[in-house]
Amino acid sequence: MLLMFDDKHKNHLSFLTDIDISVLQEFCKISIEFIKKGANTKVYQSAAQKLGVSAETVQNGVEGLMYLLTESSKLMINEIDFQDSILTLGFSEEMRQALLELYLDRRKEVRAILNQMSMELPHYHNLEWRFDVELASRSLRHQVTPTVTMKLHTEENGTTSTQVLQTDPTNLVHLTSVLEEALQEIKSPYCRRIVRNIK
Amino acid sequence: MELSQSILDGLTLAGETSHIPDKCFSVLVTRAFDGILDERHKQLIAKDPSFRSLDQAVVKEAYYSMVALVSEASKHDLDINSISSVLEECKYTNERIDVFNKVFTSKKPLMQILLSSVGTSPPHIVDVNWRLDYYIKNNHMERVNEAVYLIELKTEVPGTSETKDVQFSCTQEQLQDLVGKLKDACKCLEKISQM
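The listed protein sequences correspond, in order, to chains X and F. Position 58, counted from 1, in the first sequence is what the working numbering calls 153; the numbers after and before it change by one each time, with no gaps. Position 192, counted from 1, in the second sequence is what the working numbering calls 204; the numbers after and before it change by one each time, with no gaps.
Heads up, a few of these hints could be off.
Stated by the list, open to error - The calculated BS3-like cross-link candidates involving lysine-lysine, where the alpha carbons are at most 27 Å apart (straight line), are:
1. 203(X) x 145(X)
2. 149(F) x 246(X)
3. 169(X) x 176(F)
4. 166(F) x 124(X)
5. 294(X) x 149(F)
6. 246(X) x 166(F)
7. 166(F) x 203(X)
8. 149(F) x 131(X)
9. 203(F) x 282(X)
Please keep in mind that the hints were generated in silico from the structure rather than gathered at the bench. Nothing here was measured: the structure is a model prediction, and the numbers come from that model.
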C-alpha cells in the first residue's frame, strides 16, 4: 500500500529536501517531540533563524514530517512501500535512508500514542477474592451460609474503578467453567484459521 | 427471644377458647405462616369464612401476635421446647401447643429461607455471558489485529427483581489471569469442604 500525498503536503515537505542531512535529523527529532507532547513554537523560531527562513515554513516542514510518520505508522506499511511512497517527494538517497530508519525505529511508539486516542472499553485489571461464612443477620440467626466475596478492578482511560461482588460456591464453579470454555475457544481450529487469514 | 407485653397479651387472647374456638385455631396458625410466606395470602385472613362469626378486633389482635411469634421463633431458630414454654406461660392448653408445634416444624425451614434473603449484600453473581471479537482496526489505527473478549456478569441486587450487569473487556492474557484466580478460589473451596 502506498501513501498518497496531496500538493499541499508536497509543498511543505519540499522545503526539507534542500537542507543538510544533520538538519533533517534535527527535524525528525522535533517532529517526534511534536507527536509526543505537542507543538513547541520556540524551537521553530530558533530553527527558522538558523536556516534563514520564516517560522511558518519550519512549522509546515515539521507538520509534514509528522503527517508522514503518523500515516505510515497507522497503516503499518512495510519498508518497500514506505520507500516507494517517499520517492516522489524529491529527497536524496541518503535522506530517504534516514527517514526509513526513523520510521522503523519510532513506529511502535507512534502506534502506542495513536492507541491512546482510540476508544477504550473498561477492561479487566485485577480480581481479589475471599471466602466468608455468614453466621447471622438482623433477620435470621444461626446461619451457616458460605459466600465468596470478590473485588473486581477495572481500568478505563487510566482510571481504575473497583466493584465489590458476591457469589456462592455453586455459581463460582459455574463461572469458572464457563470462562474456561471461553478461553479454550480462541485456541480452536476455527479461530486460528480466521486469525491467520485476516493478517 | 423477647416478646413485648402487647404481643404476649394477644397470644393469650388467641389461646382462649372463648375468643378463638378450637377449630378456628389451627386455621389461624396456618394463616399466620402463609401470610408471611406468600405475598398473595397476606390479606386472606380478612376474608376467611371461619372467622366471620367472631369479633374482628379479637381476630386482628390474635393474628398479629401469632405472626410476631412465628417470625421471631423462626429468626432465633427455637426448638419445640422453648416455644412450648412460651405458649405455656400464655396459658395454652396442650392440644393447642401441639397444633402449633406441628405447623411450626413443617413451615420453619421455609420461613428461614425467606428470612435469609432479607437484608443487604453486594450484587450477587448468578450468570456470565462472554463474546469473542477480533479487533481489526479503528479510526485512528489500522492493522490492530487483536483478539478481545467481552465479558458480562449478571448480578442480582437484593431488593430489585431485575438483574444488573457488569461488563468489561479483556485480552487473552487478562482472561487467563482471571480464570487462574477463579480456579484458585475453587480449589480453596474444595479443600475447605473436605475438612
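Take a quick look at whether residue 149(F) and residue 131(X) sit within 27 Å of each other, Cα to Cα. Distance of about 22 Å is within 27 Å: holds.
Hinted pair, alpha-carbon criterion (27 Å max): residue 203(X), residue 145(X). Please report holds or violated. violated, 32 Å
For the pair supplied as a hint, residue 246(X) and residue 166(F), confirm whether the alpha-carbon distance does not exceed 27 Å. holds, 15 Å
Given the hinted pair residue 149(F) and residue 246(X), is their alpha-carbon gap at most 27 Å? Measuring from Cα to Cα gives roughly 32 Å; hence the hint is violated.
Would the hint linking residue 203(F) and residue 282(X) be met if the CA-CA limit is 27 Å? violated, 31 Å
Pairwise hint evaluation, residue 203(X) against residue 166(F), where the allowed Cα distance is 27 Å at most: Measuring from Cα to Cα gives roughly 38 Å; hence the hint is violated.
Take a quick look at whether residue 294(X) and residue 149(F) sit within 27 Å of each other, Cα to Cα. holds, 12 Å
Proposed proximity, residue 176(F) with residue 169(X) (alpha carbon, max 27 Å): Judged against 27 Å, a Cα distance of about 38 Å means the pair is violated.
Within 27 Å, alpha carbon to alpha carbon, are residue 166(F) and residue 124(X)? violated, 50 Å
The earlier numbered hints that this structure contradicts are 1, 2, 3, 4, 7, 9.
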